[in-house]
Amino acid sequence: MSASGTRPARTAALFLAPFFVVFGVFTVYPLVLSAILAVQQTHGPEHATFVGLDNFKALLGDPDFRKAVRNTIVYTLGSVFIQLPIALGLAMLLNQPGLKGRGIYRLIFFSPQLMGLVFVAMLAALVFEGRTGLLNVALENTLGRVIQPGDLLFWIPALEGVRWQMFPWLQTFIMPMLIVASLWMYVGYNMVYFLAALQNIDKSLVEACAVDGAGPIRRFWNVTVPSIRPVGSFVVLLSIIGSLQLFELPYIILEQSGGPQNRGLTIVMYLYQSGFESGDLGYASAIGWVLALMLIALALGQIWIMRREER
Amino acid sequence: MTMKDRVAGLWSGALSPGSLVIALCALVSGVVVLTTPIKREPGLELWMFSPEHALMYEPAAERWESETGTAVHARVFGIPALKRRMMGGFFAGVETSDLIEGERQMIGTAFAGPLDSVGFLDLTDRIEAEGLRDRINPASFTPWMSRGRIFGLPHDVHPVLLGYRADIVEAAGIDMSQIETWDDYERVLAPLMTDDNGDGEPDHYLLSFWENQIDNLEVLLLQGGGSMFDADGRCTLSSDTNAAVLAEILSWCLGDDRFCIEINEWTNTGHAQKIDGLAIGYLMPDWMCGIWLTQIPQLEGKVKLMPLPAFEPGGRRTSVRGGSMMGIPKTSQNIEEAWAFAKELYLSRDLAQELYNKTGIVTPVTELWDDPVFDEPSPYFSGQPTGRLYIEQAPHIPARYASPYYWNGLLALRNAATIVAEQARSRGLSTPEELLPLAKNALVSEQRSVDQLLNRNAFLAEGTP
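So the protein sequences, as listed, match chains U and F. Residues in the first sequence are numbered consecutively from 1, following the working numbering. Residues in the second sequence are numbered consecutively from 1, following the working numbering.
Simulated from the structure, these hints should not be mistaken for laboratory data. Treat the hints with caution; some may be incorrect.
Residues on chain F that point at chain U, a partial pick, calculated with CB under 7 Å [stated by the list, open to error]: (1) Phe91; (2) Ser117; (3) Leu293; (4) Thr418; (5) Ala458.
Heads up, the beta-carbon is just placed ideally off N, CA and C, and yes, glycines get one too.
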């Protein structure tokens, strides 16, 4: 090879080197190490015993892990099927032609995102608290002192005659409460994506559809949905990944535990408890790998669905 | 083209001024960080979680410096931060501090690995050689022991008494001296559970306790003879004794005749409910007296203390809650000085008096229990000598054994309690006899999850006595 031929290659290598160093140190090395840890039992980095696939086998039989997976899936479904439709609905409302103060509304809906998850979690805990929570005080003042026939929760037999003020939302309905709290945080955030997508829809398409006699619902399904599909898919994927990594919200609301009977335990919380509270980094790594495999499978599944629809 | 020219070309052509500034900043800051030596102030470094303790130790630290020439630098962290720093140092084998004053819920994790990997210095031989085993309340050692070895000097005893609203009880003409058992308590105080203000709820409940109060569940479990772990570190959650105690105490929270109410121990709302007299009785460890004194001054002269009612006639009249210890990390460069200062703090009469006066906490050093300070009447507690009342019960506190999975055990206990309470409410059950099989099933199920953690830990088996 001539000297002139090697120079561009060397220059390219020089420019790529910082990326590879950073990628190697902060991505490849931790990945390899976590794979090694996942087949060990550890007590800090000094003490490790090879246990083969025992950590993964233990995970399969671990009721707390199963509960964490179930809770995380419930939250993820809530995010996708409740949060995103509300975000899209809000975006469509804000996209109405001639709407005054669109920027202000957008800021108002987006503003919980500016506060941060920790504050949202702390406020949610105050709202849903048992005896002194804002929700219970409001329910008692509006619906009456005790839960009566026709009330929201009367269908739960044991609650008949219970005082609204005593209703333990965070013990009984942890996951629904987490989903409600996250609505406050993320609806506005996702709405911004949807609004941007809606504003980019070719207006001539909508007008042509209307001229052809299509009503609002038909226009929504035949023009709006296909037009915002790329953004929608991106938001769905982000929501799924974010939901599967749920940690701070329940960690703060439930005061650093999974709540009564681990009803609010999530996969990442369990990973944190195992690795950093119990000190078993091997088990935590195994949980991390299972979570990573779930994320990869979901991402691949979504790519497959999108490609099939494109064809 | 020479190498020098190539480098010059790279600087002048390939990198923009902004990139150059960033690269220079990174280079300079990297060099500064790498070349700056870690400064360690001369003297002893003490890590602790309690700002109140830090203030209290200040005069002793100054005296220690004037007498020995060794300064003591106290650094206060929140418990989670202290635990992370402590465990990070222990795992990595790097220097942390010379002394760590730790709290019970954070220390157990240090005992999860092989015995020789515990980051604290094994104090057993020193304690035995210096006769401290006989000078300190025996049950105060157990939370700081693992596999038969002692890793911390106990700071306290923390017996639990019943604090009650004497003003309400005495106004109703009720004589508390007739109470020996919890059954007596419910029967004697029952007349107070009337609804005079007509809001559909009793004006007073008899006890502040609820099925989800993790600390109070443990207090009552221990009082009733139950335990979460035995001396060998095995989980004992599903024992028959635990099931019986759990069934009994949950019956207090269930049914139309329940006499317990949930009152938050720390919030202003909870304090307002205490002032209103929503509950008559409270499970009060000695440290809680200091907290009430400063946070609820409105109750001065309205509260009294008495031994806990027993679960059966002649039974234990106290329990235990919380606890701290002073440990010496193995990596300390001043082990002998640290040990001497730890003893100065925890064994001295002056500090014991100050500890009691400022926080209500009684010392675990038995030879100091005759100090007159403990007999002084407390205006807050209606003139009672609160120190003496706690010291009378101190020798009877139940032993608690350490486990790296102590917190998991506590969570499992709370899970069992909430499961039983929910099942009972949905089926309309409320008597101890009805709750007993539910309690047994729930505890067996919850013990499985703790056992799973214990069984998976290959290190704990090594050196188990």
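Structure-based check of all given hints:
Interface hint at Phe91 of chain F: satisfied, since its Cβ lies 3 Å from the closest Cβ of chain U, which is below the 7 Å cut-off. The criterion of a C-beta within 7 Å of any C-beta in chain U is met by Ser117 of chain F, whose closest approach is roughly 5 Å, and the hint holds. At about 24 Å, the closest approach between the beta carbon of Leu293 of chain F and any beta carbon in chain U exceeds 7 Å, and the interface hint on this residue is violated. Evaluation of the Thr418 of chain F hint against chain U yields a held restraint, the C-beta minimum of about 4 Å falling below 7 Å.
With 7 Å as the threshold, the beta carbon of Ala458 of chain F comes within range of chain U, its nearest partner Cβ sitting at about 5 Å, so the hint holds.
Checked against the numbered hints listed earlier, the structure breaks hint 3 alone; every other hint is satisfied.
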